[in-house]
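Could you build the full structure based on these sequences and the hints that come with them?
These protein sequence lines map, in sequence, to chains H and R.
Under my numbering, the first residue of the first sequence carries the number -8, and numbering increases by one thereafter.
Under my numbering, the first residue of the second sequence carries the number 311, and numbering increases by one thereafter.
Bear in mind the hints are in silico, worked out from the structure with no lab data behind them.
Please note that the accuracy of each hint is not assured.
What the hints assert, rightly or not - Take a look, some chain R residues computed to stay more than 10 angstroms from chain H by CB distance:
(1) Phe351
(2) Asn492
(3) Ser632
Unchecked claim - Below, simulated DSBU-like cross-link-like pairs (lysine-lysine); rule was C-alpha separation at most 35 angstroms, straight line:
(4) Lys85/H <-> Lys578/R
(5) Lys657/R <-> Lys95/H
(6) Lys109/H <-> Lys657/R
(7) Lys45/H <-> Lys662/R
(8) Lys5/H <-> Lys111/H
(9) Lys85/H <-> Lys321/R
(10) Lys45/H <-> Lys617/R
(11) Lys662/R <-> Lys68/H
(12) Lys85/H <-> Lys406/R
(13) Lys387/R <-> Lys85/H
Values in this document were obtained by computation on a predicted structure and should not be read as measured data.
All C-beta atoms, glycine included, are put in the ideal place defined by N, C-alpha and C.
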Amino acid sequence: MLRVVNLSVEVNGKRILKNVNLYIKKGETLALFGPNGSGKSTLLNAIIGNPAYKIVGGRIVFKKVDITNLPTDERVKLGMAMSFQNPPKISGVKLIDVLRYCAKLSGNQEKIYELAEKMKMKEHLERSVNLGFSGGEVKRSEILQLMLMNPDFVMLDEPDSGVDLENISLVGKAISELLEREMEDRKKAGIIITHQGHILDYVSADHGAILYNGKIACIGDPRDILDQIRKNGYEGCLTKCLKDMI
Amino acid sequence: MSEGYDIDREKLREVGIELDPKKRSATFIQQDQEVRNVATFYEGVEVMSIRDAMKKYDWVKDYFWRILRRDQDEFTKEADSEDVNGYFIRALPNVKVEIPVEACLFLHRARTQKVHNIVIAEEGSELNILTGCTSHPSAVGMHIGVSEFFVKRNAKLSFTMIHSWHNKIEVRPRSAAIVEENATFISNYILLNPVKLVQMYPTSYVYRNSRAIFNSVIVALEGSVVDSGSRAVLKEPGATAEIISRTISKGGKITARGQIIGESEGVKGHLECKGLILSENGDITAIPELIARKPNLELSHEAAIGKIAEEEIFYLMSRGMSRDEAVSAIVRGFMEIEIKGLPEVLKRTIDKAIEDMKDAL
Ligand SMILES: Nc1ncnc2c1ncn2[C@@H]1O[C@H](COP(=O)(O)OP(=O)(O)O)[C@@H](O)[C@H]1O
Ligand SMILES: [Mg+2]
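Next up, the structure:
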């Protein structure tokens, strides 16, 4: 569904991603790990077309369309969406207004209130989007937006950070549904960035990868990688990964 | 054109004038120096021309030039003339009228429209006024509007002014308010359309435990010059002021002023001045000023001018909006100021005025 070829990305004139290659098939979910600042968010922002992240080399192909130079709204109409790690607060633009646009993409207008209730965001509908939302509320609002967009390709940037224990299973189940993880014949695919891996207790992933220094450094079973990171840190994990490859 | 006026109903509605006794407690319409329509539909609210008020009550003259000075500048001097007209609006003691009084000042053939308004909310009363000022498309001239507001003890007055002029009109409002003990004065200003020049600096004198709130939403289109601000003088303990402005330049030149003067201990004031430049020729100067003349008071301000953040546009585009839709949603959001303490009808009028303005952007 998504193919990233030799992608290089600059932010503020600084090269962040170097020749990244990625291939994700229909039905697959990739868990992406990596230390702070390694370029995980940069990768997703480049895929969705954030103009602050400048593609200086390579291509992105989505559903057989080269989207490398498409504006974000057109990428979204092709069926991809992203939940952001730190979305902006927009004064005066209400959450409900944003949700209406999200629902328009999928024709899910009649589900806005039902899903808002499910994600415990009903009280926030008339508030400015993200303004004064707690960390967990921001994440629940992001997932809610994605549920209404119902994209084929789902990108989640640290959907679990800042979410308290009480809500992590709510968020986890919602993501699992977005990615159709419980279904036999999945049509959806996606990437989940997770720092601590908590979300993987609720959402299964087919592959895991570590982004290190702007490069995909290691690919394998997501649980194994997570265990290695927890035991030996990123460095240890990478060393082992290299050994296994030889 | 509607009966008796050289102005069409649409234009009146744009500045909030409905001519509907179900939605308004009184109506006053002045064209140039002449009063065209006065009607009151509510017991306890007096609305008449200032000339009639002078005839009816001999004390009205004591309210003339009580807060403002005749010789403040050349415009007040010019307004201080024999042929001045304007409205007199008064809520009798303890009368609470939620339905707004509407007043329209319409400039057509006069070179200079000279207006002197007196508004009195007597003790314990509640009064809401909506003033719509507009001009005939062919008009060339100046509007000088002197307004003196008296909000007596425990009273509450909200005054909402919607301006929709044409580009050959110069506008010089001169207004001031006295907000007595435990009283509330809310002043809202909305500038919708091109104008040659608007220059004003309304001032409130705020006494013990009373509140003054100023909100303004100003859009300056190409060729317009707007120099507008609000000032609050906090005279006694417990006085508070809040001044909020949103200015947008789409090619016009804006000076957004604001001043809070703390003259007593135990007063509190906040000034918030936000500007957005939407075109290459835009020009906004924000001048927030805080002046403290006693210890133990609390004055703060927040000023910011910018263009629309690309990150916000991108975020909304990632939810399926086109670039234009995202920009317009952000601009709409920018103008959204929450005005507390207004009756629903007035809120709706203000929302509609802002909505019209957004469509023009
Ligand atoms: N908008 C931005 N402006 C400036 N630098 C940025 C921006 N976004 C990311 N960076 C820089 O790019 C590098 C990678 O950041 P990021 O992709 O956010 O990492 P991660 O998500 O893996 O923590 C970091 O050095 C970060 O400081
Ligand atoms: Mg990140």
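Taking each numbered hint in turn, which are not upheld by the structure, reported in ascending numerical order?
3, 7, 8, 13
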